[in-house]
Every structure is written in structure tokens, then in C-alpha cells.
Amino acid sequence: MKATLRSIVLLAGAALLGLAAGAGAQEQVRVGIAAEPYPPFASPDASGNWTGWEVDLAKAVCAEAKLDCVITPVSWDGIIPALTSNKIDMIAASMSITAERQQTIDFSDKYYNTPTSVAAAKDADFDASPAGLAGKIVGVQVSTVHEAYARKHFTDAEIKVYQTQDEANQDLVAGRIDATQADKIALDAFLSSPDGSACCKIAGDVAPDVDVLGPGVGFGLRKGDEALKEKLNAAIKAIRDNGTYEAIAKPYFDFDIYGS
Amino acid sequence: MSAPSPGLPAIEAPPVESLAPTPSRRLDASALLKPHRIVLILVALGLVVWAALSMRWDWLATYAPMIAAGLWQTLLILVSTTILGFLLAVPLGLAQAAGPWFLAAPATAFCTVIRGTPLLLQMWLLYYGLGSLFPLIPEIRDSFLWPYLRQAWPYAVLALTLSFAGYEGEVMRGAFKGVPRGELEAGRAYGMGRWTLLRRIWLPRAVQRALPTLAGETVLQLKATPLVATITVVDLYAVFSRVRQDTFLTYEPLLLLALIYLVLTAILVSLFRVLENRIPARR
Amino acid sequence: MPSGLELLSPWPPGWGMTLLAGFWASIQIAVGGFGCGLLIGMAGALGKLNGGPVVRDLLACYTTLVRAVPELVLIVLLYYAGGDLLNRAFALFGAGPVELSGFAAGVFVIAVVQGAYSTEVIRGAIQAVPAGEVEAGRAFGMSERLLARRIVLPAMLAHAIPGLSNLWLIATKDTALLAVVGFTELTLATRQAAGATKAYFLFFCAAGLLYLLLTLGSNLLFGRIEAYARRGQRREAGAS
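Residue numbers (the working numbering), protein chains in the order written: chain A, 1 to 260; chain B, 1001 to 1283; chain C, 2001 to 2240.
Treat the hints as calculated values from the structure; they're not laboratory data. From the three backbone atoms N, C-alpha and C, an ideal C-beta is built for every residue, glycine too. There's no promise every hint is true.
For lysine to aspartate or glutamate, the following EDC-like pairs were computed, each having C-alpha atoms within a straight-line distance of at most 20 Å [claimed, not checked]: (1) A:K201 with A:D211; (2) A:K122 with B:E1139; (3) B:K1034 with C:E2226; (4) A:K136 with B:D1142; (5) A:K152 with B:E1139; (6) A:K223 with B:D1246; (7) A:K122 with B:D1142; (8) A:K223 with C:D2084; (9) A:K160 with B:D1246.
A few chain B positions that, by computed beta-carbon distances, are all more than 12 Å from chain A [as the list claims (entries may be wrong)]: (10) V1043; (11) V1049; (12) V1113; (13) P1138; (14) V1157; (15) L1158; (16) L1184; (17) R1205; (18) P1212; (19) I1231; (20) T1232; (21) L1254; (22) A1266; (23) E1276.
Covered by chain B, per the in silico footprint, the following chain C stretches (three or more residues, Cβ under 8 Å) [what the hints assert, rightly or not]: (24) 2053-2063; (25) 2070-2079; (26) 2179-2191.
Whole structure, please, built from the sequences with the hints as guidance.
Written out as C-alpha cells, the structure reads:
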């Protein structure tokens, strides 16, 4: 039976090789986005396509830089390992540029910057300050700047960590948490949904802390991927200058999302 | 005999011996001292030393208290859901093995649904599905249960209990059916009533028959506990996820996590072996 | 807001197509993982039965490790580290690095997990083939290869089918764990649909029904296969 053994081992090896080779080299740039509804930045529609402002922007940047981009949804909490282990080539998932993350990955120049807010139930009588949130349960999305901020500043609150912001919103509707801290634009989108408008409101913006919250959102890149970084930076600048950026933002926002 | 349940073919009970980890043969010194084993052990030790020296472990001291708390949470969930699940499995098995059709059919349906769908889906259905119903029923928030319904662990315990009951209920069905008819007839011959018969002979004999499967099922249950991390319960897995997020390390936390589960499994298996040796079994 | 049935319809604004696409992805991963797992299991079983002491010990480590560590941990570990390890292994054989797609990585992790279980199932099935049948084959002067093909494989199939059918069901359910690493199979597609529409109960129940249909359908199919594999075998009394 030795011969059988050998042929089966060879067969198994060949199958795995075939699997890997079939998946093999491609010239495309895989743009990683978080596989979760995150309106108005990115959310799946009923036919399985990803739409939203950030998806449109990433496509425009790719078109400007003449890159063949393919949108690749991966889980948010594994998006940096996905980048470093070569499953995607860049991150376009509203990832804030922070010193912490820059130890592991590189960032392009920022492409937007928005304030950070706290949402709470309609009848809530607290604001988005450490004193106001003391003793409250605050929901945040895992490994976001909001988690870091809440852990640093809301030390008297119970921090509950969710895999997606969508789940935190859902638990705010269900009343399982008292408040959730997130990007103001994302919270606005949630609060204009039927569920959100029925239950909740913005309790206030959090006090700025640029060390934690970062100077804005950029595309995440593998360390040393200078060629892609230069192309993206040039493309961001180009669409900022030629009006494409505003044209994309117009249907979504009535203010300048690029920020200061 | 169980009532026929049209449209719901029972799923074969899992071959327990093939799912439980291979019971490590009692290794005596002579087995370990075979030349190839010495080489393998040295290679393994070398890997451990290499991992300890060349990988990053400086985060361990910071997170040790959290890891201990997560471990405690995992064990608590494991023990409580195993016991609760087993208690639920006994009536489930009895209903399928000897109940009238209006008990047997729902019990079979329950086991089929639990065993036929992924636990992750069941957990999300319980947590987010039920959670989405709360705003529709404002009375719930005023009830005395609300402080518990707000938290995540009751849903985790419920989901894991139902899952254990579904799988073990199938085992108990077989165990009840497998009790030799002669023993039951002997009980009847002594003039035992149905309850006494169940309490004194049928149930103890069925539980005894099901005990060997418990080791395997409990290991499977341990392996199912990390799923509770996806509904915000901070168990062992969740703590290590946090380490991964905070430190951006890919390998080290996951390897240590796997090692801890490995040790837990080994402890469980040897505990059950001690237990089984204590229970007198005449075959 | 569309009502329940409208949400499930396969045409937008219904999310039925998304769910079905996820279901199809789940089935493909399960088939791929189960199939590759079978190959690993065959090799593993033969290695455990006929291999040298080192091969046997290494295989024992493989099966014990995989069966003692939670699938979720293995999947996360293999999903992120597996591609890296595979590339290092390829580099040893002089092959260039490859990039694993999400699908290939999914099949790979399910196959590694399934391989450990099917090694045990197939080993048990081979051992259950009566020694007399193998000896009879030898007595007729069959070569080892012929013996394996004509006697051992057909005879062990009947013993292996119940275990393998269980493994297949485990494979279909393990694909749901890929949702945690962000691969859009049925469970993640369901969560996305539920999150976007807020109809959590509806979508999770619908997905549960799809999984249940797959399980019940597989049971029927495996029942047929087992009946076929057992043709010509004496029925044991009391076997159900």
C-alpha cells in the first residue's frame, strides 16, 4: 500500500498547489473595505454590490491613478493582518491615521476628516464628557480610534466592544447600551434611519484629542509600498484640484467632508 | 418505541470516539526514550525556545489579569452550559425514545434544527434577533428581567445550553433505547410503577451508557465557547482578540491562545478519564 | 420599508439573491474543504497505518492539535498565517510566492480541519475491513495496488460513510465561522442583509432554513450512498 500512499500524498499536494495557483498572481490592486454596513461610507445593496461615498471615492482615486482596483470586503477587526499578510493591497475603510497604526502600516495623505460624536437615547440627560458618561455603558467598534478614545477618556464608563458599528447601533436601539461613540457622519446616517430617528439623538461631540483621533482618514498601505503610496497621493491631490472630489461628495454631504 | 416523525430523519449521532481527541496513551519513560521520539521532542523544544526568544511576548505582563478573567469566564460558561444542557438533554432523549408523538415530534424537531444549523447563526439569532424585538415591546424594559436581558451572557448561556442539549439529546435517545429490555422487565416484575422504574433503573442505566460520550461532547462544547465573543461576551478568545488589536501582532497571541485551549482540552480529557474509572461498569 | 416577503425576494430591493449567492459560496467552500480534507484524510490514515514511527508521531500531533483547539481559533490562525506558511513551504520547493484569495484560504482552512477528523474516520474504516478479506485477496496473488483498489477501498467505504457524512455536515456548519474573518458566505451575507434592513429575525431564520435544507438533503443523499456501499453486505441484526 506504500505506492497508494505516495500517489495520494502527491494528489493532495497537487490539489493544494492547483488551488493556490488558480488563485495566483494578478496585477489588480485589491482595495480592502470593511465587510459591514457603514453608511454613508460603504454599505452593501440588495444585489451584493458595495456602494457609498468612500467606495465612489476609492474608485475615482483608482481611475485617476490608472489602477485596476477590485473592491474586497474583509472583516474590520482583521483588516490590518489582511493587509500585512497580502490578502489585500490597500485599505479604504475610513481608517484614521494614527501614530499607533503607523508602527505597523503606512498611510496615504488624508482624504477626509470628520468630528467624533456620541449618540444616546432621546431622553438621555448627559453629554459627551467623561463626567456625563460616568457609570454609563458606552458601545464602540473594536480597534477604532473611538475605542481608544473611550478607553482613555471615559474611564468611569463601562466600555462594550462590538465587531461592527452597525451592531453597536443596533444595541443602542435595543437599549442594551446607554451611548455609542463613533464618527459623526456615520452616526448622522444611523440617526436618520427609521430605527435611529425613533430612539436616539446626538448627545454631543467629544473633546478633541488629536493624539488618539488622528489628523484624518487615509488609505492604509503595506510598509514600504512607496510606489502605490505616491500614486495614491498624486491621485488624491489631482481629484481635489480638478473638482472630482466635490462632485462625488455633493450627493452625500452638504458640507466639506475634507475638513481642515 | 418512538413515534414516527415524518419529514425529519434523525441525524446519526456523531461517532464520539472519532470526535474526541485521541486519548493519549499512557506514555511511560521507555516509550518516550525511543530515539526518534527524543529527536522529535528536541525539535519541539527547539521550536518553543525559538518562539520564546524571537517572538514578542512583552505584552503578556500587561494583559495577564485580563487573560485570567477571560479564562474564568470561559470556564464558567463551559461548566454552566454543560450541566444545564445535560439536564435538558435527559427529557429530550426520553421524549424521543419513549414519549407519545406529541412530545417526541417536537423533541426530534428541536434536535434536528439545532444540529442542522451553525451555532454562530443560532447565537446571532438569539442576541440580535431578540434584541431587535425589544424596542417593539416597551414593557420589557420596565420588567425585573431587564437588567439581565441587557447583558450579553444570558444569550450566550442560552445558545450554548440549547446547542449542548440538541447534540446530547440525540445521544440520550440512543442511551434510553439501548437499556436492555430485560432489566426493565425485571423492574416491572418487582411491581415497580412507571416513575420508580424510570427513577431507579431506566434513567441511571441510560446516563451510565451516555457518560462515555460526555467527554467528547464537553470538549466540543469547550471548542464552541469562543463564539460567544462575537456577541460581546468577554471570554478568553475576546481577550486575545483585544491583545491582537492593541499590539498588531498576528502570530503570538493566537499561538498562546491555541496552547491554552490545548491545555484545557487535555485537562478535561484526563478529568473525565478519572471520572470514568471511578464509575463501576460491568459490561 | 418593504415587508418580510419583499425583503426575501430574489430581485432588488429583496435580498434573496444575496442570501442565495452566500449559500452557494458556503456550499462551494464546504465541497472544496471536504474534498481536500478527504485527500488529506486518506494520506493521513495510510500514514498512520503504514508509515514509519516518525510519520505516525507527526500525524498524531496533527490530529490531536486540530481536534483540541477551537475551530474558530484555527480558522483565524490559518486564515491570516496560513498563506504565509504555505508560501514558506513553497519557497522550500523553489516555487514562487502565491496569493491566496479569500475563497482559496477558506477552502484551505476547512480542509486542514477536516483532514484531521477524516484521518481518524478513514483509519477506523480501514481497520474495520476483516483481515480475512485482505488475506483472501493476497492469496489470489493480487498486487498491493490492486488489493487497495478492489478490496480495501470498496469494503471500507461502507464503514466510513456514516463518519464522513457527519464530517460533511460539520464542514457545512464550519463554513459559517468564515463570517468572523470577513468572507462573505451565507452567515455573513445574512448579517449584512439584516444590518442593512434591520430585519434581523427574518433574515437569520431564512438562513437557518437554508442550512437546515442542506443538512436534510445531505442526509438523504448520504443515506442513498451508504445503501449503495453496503450492497451485497449481510445485514447485521439490529443495525438501523
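Would the non-interface assignment of B:P1138 survive a Cβ cutoff of 12 Å against chain A?
Its Cβ does come within 12 Å of chain A, the nearest being 9 Å, so this is violated.
Examine the stretch 2053-2063 of chain C for residues whose CB is less than 8 Å from any CB of chain B, and state whether their number is three or more.
Our answer is that it holds, as 6 residues pass the Cβ test (under 8 Å) against chain B, meeting three.
- Per the stated criterion, does the least C-beta distance between B:L1184 and chain A lie above 12 Å, as a non-interface residue requires? Given that every Cβ of chain A is farther than 12 Å from that of B:L1184, nearest at about 47 Å, it holds.
| When you look at the beta carbon of B:I1231, is every beta carbon of chain A farther off than 12 Å? | violated (9 Å)
Could you check that no beta carbon of chain A comes within 12 Å of the beta carbon of B:T1232? violated (6 Å)
- Item | Distance rule for B:A1266, whose beta carbon must clear each one in chain A by more than 12 Å | holds (28 Å)
Against the 20 Å threshold, does the CA-CA distance of A:K152 and B:E1139 hold or violate the hint? violated (36 Å)
Inset, instruction - For the pair we were handed, A:K201 and A:D211, check the Cα-Cα distance against 20 Å. - result: violated (27 Å)
Open item on the list: Check the hint pairing A:K223 with C:D2084 against an upper bound of 20 Å on the C-alpha distance.
Closed with: Holds. A:K223 to C:D2084 sits at ~17 Å (cutoff 20 Å).
Satisfaction of hint between B:D1142 and A:K122, Cα-Cα up to 20 Å = Roughly 17 Å separates the two Cα atoms, so the pair holds.
_Please verify whether A:K160 and B:D1246 have alpha carbons no more than 20 Å apart._
Answer holds: A:K160 to B:D1246 is near 16 Å, not above 20 Å.
When you look at the beta carbon of B:V1113, is every beta carbon of chain A farther off than 12 Å?
Given that every Cβ of chain A is farther than 12 Å from that of B:V1113, nearest at about 24 Å, it holds.
In this structure, the earlier hints numbered 1, 3, 5, 13, 19, 20, 21 are contradicted, and the remaining ones agree with it.
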